[in-house]
Amino acid sequence: MDTISDNELMADVQRGDLEKLAVLYGKYNRPLFAFFYKMTSDAQASEDLVQNVFCKILKYRDRFRTDDGAFVVWLFQIARNARIDHYHKNKHLQNASEIDDLAVPGPDDPAGDYEKAEKAGRMRAALDRLTDVQREVLILSRFDDLTYEEIAKIMNCRVGTIKARVFRAMETLRLSFRDQENAP
Amino acid sequence: MSDKKKERLVSELLKGDLPAGEEARVKETLGKKGLDAGRLAEYEHLWEALAKADVPEPSEAMHDGFRAMLDEAKKTSWRSAAEAPATRSPVRGHGWNRMPAWAFGFSLVVIGWFIGYQLTPRPERGEIKALNAQMKDMKTAILLTKLESPSASERLSAVHYAEDAAAWDDPVRDALVRALNRDPNANVRLAALETLARRTDDSRVRDALVQSIASQDSPLLFLALADVMLDLKDARAVEPFKKIIADPALYYAVRQKLEDTVRRLT
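Here the protein sequences line up with chains Y and E, keeping their order.
Quick note: the first sequence uses our numbering, first residue 81, plus one each step.
Quick note: the second sequence uses our numbering, first residue 4, plus one each step.
Worth flagging that the hints you see were computed from the coordinates, not collected in a lab.
Keep in mind it's a predicted model, so treat the numbers as computed, not measured.
Even glycine gets a Cβ: it sits at the ideal position worked out from N, Cα and C.
Hints should not be assumed to be uniformly reliable.
Here are the simulated distance ranges between beta carbons [stated by the list, open to error]:
id, chain 1, residue 1, chain 2, residue 2, range
1, Y, Ser85, E, Thr269, 46 to 56 Å
2, Y, Ala102, E, Arg266, 19 to 29 Å
3, Y, Val103, E, Ala54, 19 to 29 Å
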């Protein structure tokens, strides 16, 4: 990810060239949506959260400091806080939306789609068994553009803590998959 | 090898952070420390599966919502104080120079309207009035329906739609006040506030804005309402702001802003 370019675009936004935010939106709306969707399994809430993030970027654009690091770190810090706020406001809705949008193949779908859907369902079930923090660290780690150092900044902890969380989350995920395989 | 080192190496291996050529050596070391190749392969398989997890495409409504927000932001109210002189002064500077042409154009419009009004037969004038009324009712109905939509993007675009003078009436005003006080999405509440803040010549809007301070729980709304109250110089906002300031969990920057607002209003 071109950090200098992102930071320059954000500097332009700060100088009043708001159209440059559309460029950043074009680049990051999909990864942000994917982050929220993987965390919530709720497409509508994820769209609202993406919009919420860009609204905050606009509102607080003067607070971004290029010497504090990459734009993407600031972006995901805002995203993380937005999701936590959303979680606290909608605690009662969490369970209701967990199975929303899981792919269920129709009768005409080829067998491959069943297998794919089944795998997706198993992955979702396994992810749901992780703690919120474990799920978050794994999802962030799978964005190729984010390093462990950047994830540590986003989650406000040390790099060593992030690596330990990744390992433990992977182990929980592995055991969860095994449980599903052994289930009758 | 300590557990911490093992955890670090596995995480770096999965992320591809190890130096070139180190991977095989690290796998061998991990194997000797009880982490066999099969288990590592399971981690790697799951790691790949995580990246491939199906995610739907976001809808066009999300993109439309962003565009509506950006267009709104380009209007004056979202500009920071630092930007305002640079972006507004050229307009002000040329305004007086263009005055004669501007006044002439305006005069033509007024004269044209007067002649047209006098020449239009009365029955047609009645039909036009009826059509205008129907159009206004339709705009109001669309707006109210969109404001009730479960999608925040839809509700946001409805609030922006309400800025259209033709759609503005009592039901629209009441719906925007409801959105300001009750909408679950802070962006929609902010947009409603900004639209209402342009209608403060209506005393009912001013009353509603003061009353809404107590309904808010978002720092963004506190800050925006503080700005509006300073513009209005409405001292009725002091008491509700004091109650918010009394909350020990309030963000420091928000507290400072509200304390400053209270000081300037009293």
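Does the Cβ distance between Ser85 of chain Y and Thr269 of chain E fall inside 46 to 56 Å? holds (48 Å)
Take the C-beta atom of Ala102 of chain Y and the C-beta atom of Arg266 of chain E, compute their distance, and say whether it sits inside 19 to 29 Å. Violated - the Cβ-Cβ distance for Ala102 of chain Y and Arg266 of chain E, about 39 Å, lies outside 19 to 29 Å.
Honestly, do Val103 of chain Y and Ala54 of chain E meet the 19 to 29 Å range at C-beta? holds (25 Å)
Checked against the numbered hints given earlier, the structure breaks only hint 2 and satisfies all the rest.
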